[in-house]
Amino acid sequence: MEYEAVIGLEVHAQLLTESKIFCGCSTKFGAPPNTHVCPVCLGMPGVLPVLNQKVVEFTIRAGLATNCAIQPKSVWARKNYFYPDLSKNYQISQYELPICLDGWLDIEVEGENRRIGITRIHMEEDAGKLVHDPSQPVSYVDYNRTGVPLMEIVSEPDLRSPEEAGAYLRTLRDVLIYLEICDGNMEEGSFRCDANISLRPVGQAEFGIRAELKNMNSFRGVTKALEYEIRRQRAILDEGGKVVQETRLWDADQGKSFGMRGKEEAHDYRYLPDPDLPPLVVDEAWVERVRSELPELPGAKRARFMEAYGLNDYDAGVLTAGRPLADYYEAVVAAGAPPKAAANWMMTDLLGALKAEGREIGQAAVKPQGLAELIALIDSGAISNKMAKEVFAEMMATGKGAAKVVEEKGLTQVSDEGELEGLLKEIFAANPEEVEAFKGGKKKLMGFFVGQVMQKTKGQANPKLVNQLVNKLLGE
Amino acid sequence: MEPHELTLAQALELLAKKEVSSVELTQALLARMEATEPSVNAYLTTTPELALEQAQAADQARAKGEAGPLCGVPAGLKDVLCTQGVRTTCGSKILENFVPPFDAFLVARLKQAGMVLLGKHNMDEFAMGSSTENSGFGPSHNPWDLDAIPGGSSGGTAASVAAGTSLFSVGTDTGGSIRQPASHCGVVGMKPTYGRVSRFGLVAFASSLDQAGPITRTVADAAAVLQVIAGHDPADSTSAPQPVPDYSAALGRGVKGLKLGVPAEFFVEGLDQEVEQSVKAAMAVLEQQGAELVPISLPHTDYALAAYYIIAPAEASSNLARYDGVKYGMSVRREEAGLLDMYLDSRSQGFGDEVIRRIMLGTYALSAGYYDAYYGKAGQVRTLIRRDFDQAFEQVDAIVGPVTPSPAFGLGQKVDDPLQMYLSDVFTLSTNLAGLPGMSVPCGFSAKGLPIGLQIIAPHFAEETILAVGAAYQEATDHHHKRPPL
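As they're listed, the protein sequences go chains D and W. Numbering-wise (the numbering used here), the first sequence opens with residue 1 and increments by one. Numbering-wise (the numbering used here), the second sequence opens with residue 1001 and increments by one.
Watch out, some of these pointers could steer you wrong.
Partial selection, computed: residues in chain D whose CB lies under 10 Å from chain W [stated by the list, open to error]: (1) 39; (2) 42; (3) 43; (4) 44; (5) 51; (6) 277; (7) 281.
To be clear about the criterion: a stretch of chain W counts as covered by chain D if any three or more of its residues have a C-beta under 8 Å from a C-beta of chain D, and this derived list gives those stretches [to be verified]: (8) 1190-1201; (9) 1230-1238.
No lab work stands behind these hints: they were computed from the structure. Since the model is a prediction, treat every value here as computed from it, not as a measurement. For glycine and all other residues, C-beta sits at the position ideal for the given N, C-alpha and C.
Based on the sequences and whatever the hints tell you, model everything.
Structure below.
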C-alpha cells in the first residue's frame, strides 16, 4: 500500500538573552560548572522567580515573524517531575494558555511553496545538565543551564516528508537567526527538535498512530531519523501490525531509533498554574512596538534582492541565507560595486575563502568597502580579473586594502597604449605568417597575439586594450 | 515592670530615653529565655552572640542619632523566614542543617530597622498544622497553660511573644497560622492583605495563600512592625505595588460610624460558649464606642475548608518537591542505592507525617483525570468565597467574629485526628482564600484562664481599618495587659 507520512515538529530554541529567564544569572555557555548560579535558579527554599521581560519580547518577535496571534494574557504553569538536573523538581513553562497561537511559516521544497501551520509558541526555563563520572557510578549536576530561557515552537502535523521537515527546520532556524533571538546552533543544543510522525494510507483523512522521536542533534539527524521511522512503521503496517504510540530515541551512530520503556515515559506532569507568577499581560502597544522593530525576514529580503539588484533566485537565496551575509552584500553595493559583480565575488571568492578558513562573514579580513574597491580597480582596467584574484588572496591574508596590495606587488596593469603598441609591433614583425592569416580573416589568432603580449608583460597587460590595439594595428 | 513584660512601644520609649540600653534589654531577654524555654520551647535556634553583637551596634547607632524604627529591640522570628547565616529549618528535619545564604525581604527590612535577632521560633513543619505538634523538633507549650497547645503553625512565635522572650515578632499565615496561635496565646496577630509583605525568603507552603505579618502584644505594636515590613518588592512578582500608608495614623481613628459585619456563619454549632460570650462582649464594647453591628452572611464559608485542603496541599506538593537530597538539606545516601532510593529515603525520613499526608493529598488532587474535579473545582469555590466577602464589604467596613471555635486544646488531644485539627482553622481559612487582611486581638479568657481572640477582617489593603478597630478595642479594655503566670 502507498503511505503518506504525517509529521509535526517541536522545536526548542534557546533565546539569546544576557541573563536567565527568572533570575539575573548569566546565560553564557561553557563556564565552569555551577558558576552561573544563584539561590533563585538553584531552587533554594524561599526564593521566587521574576520574569525577564527580554524573554517575552523575543518570543513576541518570533510569534510575529511566524504570523501567530500574540495572546493578551498567557499563564505560567509548573510542570512537575523529579530529576536531579531540575533544581525545583518542577519546570516553569506555559501550558494551557501560551503566549503565541495559530501561526504559519512558508517553506520551499523543490521549488514549490508550502504553508506549514504553527500551533503554538510558549516560553519555559531550561534544566541543568548531569555529568556522569566515567570511572565510578556517580553523577554530578551542573546548574549553569538551569533557567536559561527557551522557546518551544510546535508545528501542526502539516509536514509530509523528511525533506519538508528539513526545509521547515532550516526556514525556522533562519528566521530565528534573522530575528537575533537564537543562534540556531543544533550541535550545542541551542536549537533542538523532537518529531511526531505517523503513516496513513494515501487518501485517508484520519491520522495513524504516531511515535515521538527525540535526541536528534543535527538537521541530518532529523531527516535520517524520520526516514528510518517511515521505513520502520511501513514495515509494521505492511505486515498488518499496529504501530505502538511511544517515544523513541535516535541513535545517530547506529542510524537507528530505540523505543523508551513505557515506565520511563509514563509521566503525569501534574501541571498547575504557577502561583508565584501573575498571568502575563501583553498589551497591544507592546506588540506594535515589537512589530515596528522587526527586521526584514529572509523571504522578503530574497525577493527584494532579486528585484532591486537583478539577482537570480539562486544567488539571492545564497546571499540572504544569513543576515550578516546579506548586510555585507548590501554594504558592498552601497560602496559602489555593480550588484552582479559584487554577488559573484562574494559567492565564489569570499565565501570560498571563509569556508577554507572556517570563519564567519563577520570575521572576514576583507570588509565590504575593501571588496568594492577591488571591484572598482577591475572595472577601471587598473588590474585584470586574474590579478584581482591574487590581490584578493593577499587582502584576505593580511587585511590590507586593495590599492595598497596592487602597489606593493607592482601589479598595476599595463594600460599604456604606446608601450603596448611597441610590443605588438615587435610581435607582428616576428610572426608575419600569423599577421597575414589574421588579416585574411582568421580572427582566432587574436588569442595568440594577446598571449604573446601577456608573456612579455608577465601577465600585466590589460587584455581588453590589447584586443583593441590588435584590431587597430592590423586594420579593421 | 520587668524588661520581658514590655510592649514594643514601651521598649522603644525606654531606649529613646536612654533608660535602658539595647544590650541590657537583650541580656534581660536572654535571661528570660533561660528561665522559660525549658517549659515553653518557643525557639528552635537561639543566637545569643549575634544578638549581643547587634544590640551593641544598635546602641552605637542610637548614640549617633541613627536609630531605625525598631532599633535595639530584641525578638525572635518564625523559622520559616530565611536568615542569612542563621539556620532556617521550617520545623523540618529535612532542613535541620540548612543555612540560607540570603535574608528574606522582610528580615532585611527588620535588620535595617535595627532589630536584634534572638533566634528562630518553633513551628509546625513547613507551617502545616495548628498546634506546633507537627514540628520535627518537639512542640511548643502555651505560656498560659503548659499542657495546652500554643496554636500553630506560628505557635512558637505567639508563645515567645506571650512569654516575653520576643518583644515583637513576625509569623506567617496560610490558613490562620498567625491569628489562631495569637488568639490562643493572648497576643495580637495580624495577617496583612496577600501581596502587602514580600514573600521573598519566606519558605513556601502554599504560595497563593502564604502571607507574613506581625505578632505583638498590642495593636499599636503590630502597626509599627507592619510599617517596617510592608511594601513592594520587585523580587516577589505577587508583591503589591500600592503605596504603604502611615499605619500609626490609623490607630486613633476610633470606630465611630464604622459598620462592622457579623457573619451568621461564624456563630454556629460547634462554637465554644466561652468563645462566643467573649467575642460578643467584645462586639458590644465596639458598639458602645460608636460602631454599628450589621448582621451579614458569607454563604460559602462551609466550603472554605474543603477548598483550602485541595489548594494548599496542591501547591505544597509542588513547592516541597525541591527537598530531594540533591542540593541541600537532608540527603540519605545508602551504599548501592540508586537515585529513586535517595529521593524516597531522604523525603520519607526528612518529612513528618502531616507533611507527607499533604504532599499526597496535593499530588492526588493534581493528577491526570482528577485535576478538574479537585483543583479546578476548588478554584471555583475560591472565587465564590471572594465574592461573598466582596458583597459583604459593599455593606460593611469590616467583619468581626471569633478566630477559633474553642480556646487552646490540650497537647496531644487532636494529634491523631487530622480532620479535627483542620477544623480549628475553620474561621480563618476563608480570608486567606480571599487574600484579605485579618487580625486576632485578645478579648478575654476562658474559665480555665486560656486566652480568647476577636477576629477583625477588612477589605483588601484596608489594614488601617483593622488597626483602627483593634486599637479602639484595646483602648477600652485591658486583656492585652495581662501576662501569663510563668
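Status of the hints after comparison with the structure:
1. Satisfaction of the interface hint for residue 39 (chain D) is found here, the shortest Cβ-Cβ separation to chain W being roughly 6 Å, below the 10 Å cut-off.
2. Contact between residue 42 (chain D) and chain W, as hinted, is supported at the beta carbon level, the nearest pair being about 6 Å apart and thus within 10 Å.
3. Checking residue 43 (chain D) against chain W: minimum C-beta separation of about 5 Å stays under 10 Å; hint holds.
4. Interface hint status for residue 44 (chain D): upheld, as the beta-carbon distance to the closest one in chain W is roughly 7 Å, under 10 Å.
5. Hint on residue 51 (chain D) holds. Least Cβ distance to chain W is approximately 7 Å, under the 10 Å limit.
6. For residue 277 (chain D), the interface hint holds, the least distance from its beta-carbon to any beta-carbon of chain W being 5 Å, beneath 10 Å.
7. At its closest, the beta carbon of residue 281 (chain D) sits 12 Å from a beta carbon of chain W; the interface hint therefore is violated under the 10 Å criterion.
8. With 3 residues having a beta carbon nearer than 8 Å to a beta carbon of chain D, the stretch 1190-1201 of chain W meets the requirement of three or more and the stated coverage holds.
9. A stretch counts as covered by a chain when three or more of its residues have a beta carbon under 8 Å from one of that chain; for the stretch 1230-1238 of chain W and chain D the count is 5, and the coverage holds.
Consistency note: the structure conflicts with earlier hint 7 alone.
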